[in-house]
Amino acid sequence: GAGVSQSPSNKVTEKGKDVELRCDPISGHTALYWYRQSLGQGLEFLIYFQGNSAPDKSGLPSDRFSAERTGGSVSTLTIQRTQQEDSAVYLCASRGGGSNEQYFGPGTRLTVT
Amino acid sequence: GENVEQHPSTLSVQEGDSAVIKCTYSDSASNYFPWYKQELGKGPQLIIDIRSNVGEKKDQRIAVTLNKTAKHFSLHITETQPEDSAVYFCAAGANDYKLSFGAGTTVTVRA
Numbered sequence: 001g002a003g004v005s006q007s008p009s010n011k012v013t014e015k016g017k018d019v020e021l022r023c024d025p026i027s028g029h030t031a032l033y034w035y036r037q038s039l040g041q042g043l044e045f046l047i048y049f050q051g052n053s054a055p056d057k058s059g060l061p062s063d064r065f066s067a068e069r070t071g072g073s074v075s076t077l078t079i080q081r082t083q084q085e086d087s088a089v090y091l092c093a094s095r096g097g098g099s100n101e102q103y104f105g106p107g108t109r110l111t112v113t
Numbered sequence: 001g002e003n004v005e006q007h008p009s010t011l012s013v014q015e016g017d018s019a020v021i022k023c024t025y026s027d028s029a030s031n032y033f034p035w036y037k038q039e040l041g042k043g044p045q046l047i048i049d050i051r052s053n054v055g056e057k058k059d060q061r062i063a064v065t066l067n068k069t070a071k072h073f074s075l076h077i078t079e080t081q082p083e084d085s086a087v088y089f090c091a092a093g094a095n096d097y098k099l100s101f102g103a104g105t106t107v108t109v110r111a
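If you read the protein sequences in the order shown, they are chains A and B.
Per the numbering used here, the very first residue in the first sequence carries number 1; after that it's consecutive.
Per the numbering used here, the very first residue in the second sequence carries number 1; after that it's consecutive.
If you're looking for bench data, these hints aren't it; they were derived computationally from the structure.
Just to be clear, a hint being listed does not mean it is correct.
[To be verified] With a cut-off of at most 27 Å between alpha-carbon atoms, the simulated DSSO-like pairs for lysine-lysine come out as follows: (1) A:K57 x B:K37; (2) A:K11 x B:K42; (3) A:K11 x B:K37; (4) B:K57 x B:K22.
[Claimed, not checked] Cβ-to-Cβ under 7 Å is the rule here; a few derived chain B residues that face chain A: (5) K42; (6) G43; (7) P44; (8) L46; (9) F89; (10) F101; (11) G102; (12) A103; (13) G104.
[Claimed, not checked] Sample of chain A residues with no beta-carbon within 10 Å of chain B, all distances over it, derived: (14) P8; (15) D18; (16) N52; (17) V74; (18) A88; (19) T111.
Using N, Cα and C, we set each Cβ at its ideal position, and we do this for glycine too.
Given only the sequences and the hints, what does the whole structure look like? Please build it.
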């Protein structure tokens, strides 16, 4: 079946602009995560959604970052007033069906110039 | 919070040899330890995981060991093949939903 998809695959934006990154999780998965992967670094947890519960936003690095998950499916990560240090690959993952496994999308590579 | 350290950062092995990657964690409450493989341009993919009530787990050429007392766990790949070349991440978490990841190990298998 279809895996986790993310769009766009690449995004180049100017410093100060806002960007929106989209994640389509695996159908039926109730849990959705966003991570940030900087060059040569591990995965940095950003935010977690589980069903209708309040999201865990403890990993968001600043108030310029926000995320929504509409209808328990698609999620959008928004970065306002982008800075060069926001340049990274943003990964989305979903989990469901009683499994521990997080299924990752291919990521969105964000470059802030 | 949980802090996961991973070594080495790069590992080059001859095809057919074994590769070992080691991780340590700080939070004694962590009870779930997955390993992910990330190929170029793709998202990470789970290759094996272990829970704290188990000391070792094997899946074909891959094995993971866990030492709860010392708070470290390791990934062992035997009979390495070129397709094993990738970046490997360890992770640890006190529950299934929130994982802390190591910085990754770039494994290169030389033919």
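| query | For this structure, which hints from the list above don't hold up? | reply | none
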